[in-house]
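Protein chains in written order, with this note's numbering: chain A, 19 to 328; chain B, 13 to 409.
What the hints contain is simulated information worked out from the structure, not anything from laboratory work.
Think of the CB as a built atom: it goes at the ideal place given N, C-alpha and C, for glycine as much as any other residue.
Honestly, I wouldn't trust all of these hints.
With a straight-line cut-off of 16 angstroms between C-alpha atoms, the simulated EDC-like cross-links for lysine to aspartate or glutamate are [stated by the list, open to error]:
| hint | chain 1 | residue 1 | chain 2 | residue 2 |
| --- | --- | --- | --- | --- |
| 1 | A | Lys318 | B | Asp45 |
| 2 | B | Lys273 | B | Asp302 |
| 3 | A | Lys63 | B | Asp101 |
Okay, the calculated beta carbon distance ranges per label pair [claimed, not checked]:
| hint | chain 1 | residue 1 | chain 2 | residue 2 | range |
| --- | --- | --- | --- | --- | --- |
| 4 | B | Ala231 | A | Ala304 | 36 to 42 angstroms |
| 5 | A | Glu72 | B | Pro282 | 28 to 34 angstroms |
| 6 | A | Arg235 | B | Glu249 | 45 to 51 angstroms |
| 7 | B | Ser211 | A | Ala304 | 36 to 42 angstroms |
| 8 | B | Pro292 | A | Glu72 | 54 to 60 angstroms |
| 9 | A | Leu103 | B | Arg14 | 18 to 24 angstroms |
| 10 | A | Arg55 | B | Phe381 | 21 to 27 angstroms |
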Amino acid sequence: MLEGASSQSSVKGRSSDTQSSRERDRQPVGPLPAEPRPEILFHRKTTLVGSLRELWAFRELVLTLAERDLRVRYKQAVLGVAWALIAPLAMMIAFTLIFTKFTKTNTHGAPYALFSYLGLLPWTFFSSAVLVGGLSLVNNVPLLNKLYCPREVFPLAAIGDALADLIIASVVLLLLFPLLGFTPKATSFYVPLLLVVMFIFTIAVTVAVSAIVVFMRDLRLVLPLVIQLGLFVTPVVYGADAVAKSTLGLVAYSIVNPLVPVIDGLRQTILYGQPPNWLSLAAGTASSLVMLLGGFWLFKRLETGIADIA
Amino acid sequence: MREGTVTASEIWKRFRIDDRPSYLQDRVASLNDRLRGRSNPSWRWALSEIDFHAEPGESWALVGANGAGKSTLLKILTRVMYPTAGRLDVVGRVGALIEVRAGIAPLLTGRENIYLTGSLMGLKRRDVARRFDEIVSFAELESAVDRQVKYYSSGMQMRLGFGVAAHLEPDLLFVDEVLAVGDASFQQRCLERIRYVLSQGTTLLFVSHDLAAVESTCANGVWLHNGQTQTRGPIREVLGAYRSAVEGEAESRPQIEGLLKLRNVSAGTPDGGLPKTGGPLDVAISIVSDQRYRAWVYFGISEGAATPIFLVNPGRETILEYGVTEVRCTIPSLPLARGRYYVWGGIFKDWTNGEELIGWQPLAPFDVFGPELDATPRAVVRLAPVHVESDWRFEHA
């Protein structure tokens, strides 16, 4: 036999064992009750550890799906992978023109192009993950109806694609720094910590949205609007200090929008040579972890009905 | 339990009755119900108390009319769908061919799709790579494997899907009514491949309306009717019960009434067996008449439509006396290839454009067992599935 995911998979309700069903095999089919006995109603028991273990067993599928979506996305595009650069670059240039020529934003001495690009990178990652991943279940109905797999693989694969785009777009930074004559500060080593918070928050929102969209298709239309508005409640074009003057305000802002400590932290560490604001980062981490648990619970709760509706 | 075992006991499944469009507030309400684990009252049971058990290497057919719940059961067994009640154990890797295009990404090439399906089945890349050439040659896609699947014909897509599902050594192979898309020779090769996979210990679950294919492939069967198990057991018993029920339905139709009435319509063989290519076919009807008629009786054999493949008639006018006339027509050697056919019939007052005593209508269905039709040469279109014996001699001068 092949190695791989040929595991014993078992979904159980509370019911009679195999033996009794074999006995029933020999009995003639009699008149049926109108409803199942309440004690055999199907309840799927999901544990967090069990779900994660199953997800790990399907890690190759996540990669394959992410690779498929990348290929599909760039297959018919003449410029190919360059599109991953063009979107954030165009936004950055537009913002730089608007916010340095027409209005002034206080960047505390850093070049505005860098200031906004460091905000745009996490924002583009988050928004494209939610936009694409949010529709991933709906768009993959043919696959969903074919074989069993933990359904999280679809939003996760979409996040993987957004990550690939993020990496490509980050390459621009290598050009942008020497071009603007600016050196990243030594405190940049805090960046991975900030990215973890960004991932947790993105996964939480994407997974929850993807399940809800299956049941409320209207969200497909609302989602782009919400994301567009989200740009303005996230410190992308302006600094976090423009919204929250006090520490308490910043913490509250970080709880509501965990991208705040991420973007603010990126600027603090890379541009200003300071550690991230720990209080704000802790608040964002805690809030995004709660969102992740809630989103995952929601997803698992709705997952059983996806094939009925789709 | 060994890989390839399926145990399902007391499976129930219900669906929402969609009798009106659901507005946003309905959606919000149902989402809320679902989150709180409450159930919604407007449901329809698609499956009721289904018990099913298959050991590794067993072959099971699911038969039944459209809407009987066959595909729903298959989806529950693949764990794509969850049952409302019941217990389910599926051990092993599942290869499923449920819809022709299910799981095929149209923008990817055939090659990329093979790897994608492989990882959906839980296989590692190198395991797929090992079987790659075999799949491609089985599906006859050598020249097209690097083309995007959206440029494939539906037959090519089906061949790709079946090739992948049947060659990646699944412990369980589920095949829904999809083979019909392929041409006759490919269908035959699929059936051969299914038999081979069975011999390797894979459990087969086969859903089809092609009863002849079912009978030649599966040892056991389940007949589902309105979501309930009607019969379960050896395939001949199940198909026998299913066929007689379908014929019973045709018999009980009230419209076989014109100026005359027809009773007890049947199509079968003189010894009560199954019609075979080259074997005899008996068509029998009882005509109830309330007066004396001079009539022309016609039977036609068709694949379902009103245009028959061939017609038979006694060649003379028949006198129908008052009362019941039993008519029995024997075709000694049936020139039909394997498949399902229908006896059509009509009784007319005059030879050609006479008044109808019984309008032209289907009387009874029957299945013919025998060889598949051969593939036709290019640009030759066959009109009727007629099987003719022929002797050939080639002499070199």
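Cβ-Cβ distance between Pro292(B) and Glu72(A): within 54 to 60 angstroms? holds, 58 angstroms
Has the hinted range 18 to 24 angstroms been met by the Cβ atoms of Leu103(A) and Arg14(B)? The hinted range 18 to 24 angstroms is violated for Leu103(A) and Arg14(B), with Cβ atoms some 53 angstroms apart.
Is Lys63(A) within 16 angstroms of Asp101(B), Cα to Cα? Holds: Lys63(A) and Asp101(B) sit about 14 angstroms apart, inside 16 angstroms.
Supplied distance hint 21 to 27 angstroms, evaluated on CB atoms of Arg55(A) and Phe381(B): Given about 43 angstroms between the Cβ atoms, the range is violated.
Run the distance test for Lys273(B) versus Asp302(B): straight-line Cα separation, threshold 16 angstroms. Between Lys273(B) and Asp302(B) the Cα gap is close to 9 angstroms, so the pair holds against 16 angstroms.
Given the hint of 36 to 42 angstroms, check if Ser211(B) and Ala304(A) actually sit that far apart at their C-beta atoms. violated, 59 angstroms
Run the distance test for Lys318(A) versus Asp45(B): straight-line Cα separation, threshold 16 angstroms. Satisfied, since the Cα-Cα distance of roughly 15 angstroms is no more than 16 angstroms.
Hint says 45 to 51 angstroms; check whether the CB-CB distance for Arg235(A) and Glu249(B) agrees. holds, 46 angstroms
Verify the CB-CB distance for Ala231(B) and Ala304(A) against the hinted window 36 to 42 angstroms. Violated - the Cβ-Cβ distance for Ala231(B) and Ala304(A), about 60 angstroms, lies outside 36 to 42 angstroms.
Return holds or violated for the Cβ distance of Glu72(A) and Pro282(B) against the range 28 to 34 angstroms. violated, 59 angstroms
In the structure shown, a violation is registered for the earlier hints numbered 4, 5, 7, 9, 10, in ascending order.
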